[in-house]
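Asks: Each chain, written out:
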Amino acid sequence: MAERDLTGAQVSLVIDFLKRWGIDSPELVFELTDHYCEKAKEKMEQGWSFEKALDSWKTKRHFRELKKIQSEFEDIVKKKWWKAHLTAVKKLFLSKQVYLYTAVLSIMYLCYQFDLGSVFSMVALIVAVFSWFLMVYLYWFKRYGWFFQTRDITVMVMGCWFIIYEFISRGAYQSVFEENAFELSLISLSVSITCGFIGYNLLTSVNQELKFITSEYISEPKKFQRR
Amino acid sequence: MSKNHLYKGTLSSVLLKLLSEEGRMYGYELSKMAKEMTNGDLDITEGALYPALHKLEANGLVTTEVEMVGKRSRKYYKLTESGGKEANDRIEELKEYARNLQIFLNPKLSHG
Chain D
939 MAERDLTGAQ
949 VSLVIDFLKR
959 WGIDSPELVF
969 ELTDHYCEKA
979 KEKMEQGWSF
989 EKALDSWKTK
999 RHFRELKKIQ
1009 SEFEDIVKKK
1019 WWKAHLTAVK
1029 KLFLSKQVYL
1039 YTAVLSIMYL
1049 CYQFDLGSVF
1059 SMVALIVAVF
1069 SWFLMVYLYW
1079 FKRYGWFFQT
1089 RDITVMVMGC
1099 WFIIYEFISR
1109 GAYQSVFEEN
1119 AFELSLISLS
1129 VSITCGFIGY
1139 NLLTSVNQEL
1149 KFITSEYISE
1159 PKKFQRR
Chain E
75 MSKNHLYKGT
85 LSSVLLKLLS
95 EEGRMYGYEL
105 SKMAKEMTNG
115 DLDITEGALY
125 PALHKLEANG
135 LVTTEVEMVG
145 KRSRKYYKLT
155 ESGGKEANDR
165 IEELKEYARN
175 LQIFLNPKLS
185 HG
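If you read the protein sequences in the order shown, they are chains D and E. Here the numbering used here is used: the first residue of the first sequence is 939, the next is one more, and so on. Here the numbering used here is used: the first residue of the second sequence is 75, the next is one more, and so on.
Don't read these hints as lab results, they were simulated from the structure. Check each hint, because a few of them may be wrong.
Here are the simulated DSS-like cross-link-like pairs (lysine-lysine), alpha carbons at most 30 angstroms apart as the crow flies [what the hints assert, rightly or not]:
hint	chain 1	residue 1	chain 2	residue 2
1	E	K182	E	K149
2	D	K1006	E	K149
3	D	K1006	E	K109
4	D	K1016	D	K957
5	E	K82	D	K979
6	E	K109	D	K990
7	D	K977	D	K1021
Predicted, not measured: the structure shown is a model, and the values here were computed from it.
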């Protein structure tokens, strides 16, 4: 005889039972729903009704069991969260981008030190314009994946947006048209590159590290919200 | 009657062993198989099974995949590469433990 699955209403009752008995995490809800549905099916094969099987779990022992599962799951997620952040910070100082970041800042400060600030600004502007075209190309050929995976250059390319913004907002283009030298703001450029470098790297690393914890939830969040 | 207390401390090893034999399994299937194999002696409760599986996953010994089964999702566990090695080590440890226990229970056999 073919094995009969539970009806949608019966599955909903199992979910409701789990939520009422202390299971909050969506991941746990769907995992335990499968467990208790299988358990109910087994009981029903032995002649029990679904309602009787459901009632048989409404005991103090089950309440303690479910509480334990929920609290231990939360502990594991917390540990993973901290571990993910520590790994992200470690990665930040071990990535190749540290060299590129240090090199760009060093060249920038040396240029300003030797009165070559306007040369640096021009070079930075050319790189920024080139990067802008590169992004248009990537958008056109839908190669975002490559762009975001190649984290060694991503932040610097993102920094180029700031250079273009500063160039336009400070009216520096006028000085170019008047054939005068212009200079980017040393401090604001350093701050923006540093913030971009740290922020972007931490965000992407933490996201990667945490992805495996909530991958199922992230892939189908609407399904859990409906429940 | 369940003799769960005798299996205390070996749960994660039992789970690793089952996964190494079956490839991939879901929570209920693991508890059912453990019970069947031990003629009901090892009745793994939900409160013991899932925290143990989640710890194995957090330690990178097992990985998970989700599949739709009828109206609900099912989470399968399977061993990672390091989990396979760990399973072999733990099985050897358990065999050693069982041998020593046998010697302890039947001292005459060990002298024979």
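Asks: Which numbered hints does this structure break?
Replies: Of the numbered hints, 1 and 7 do not hold.
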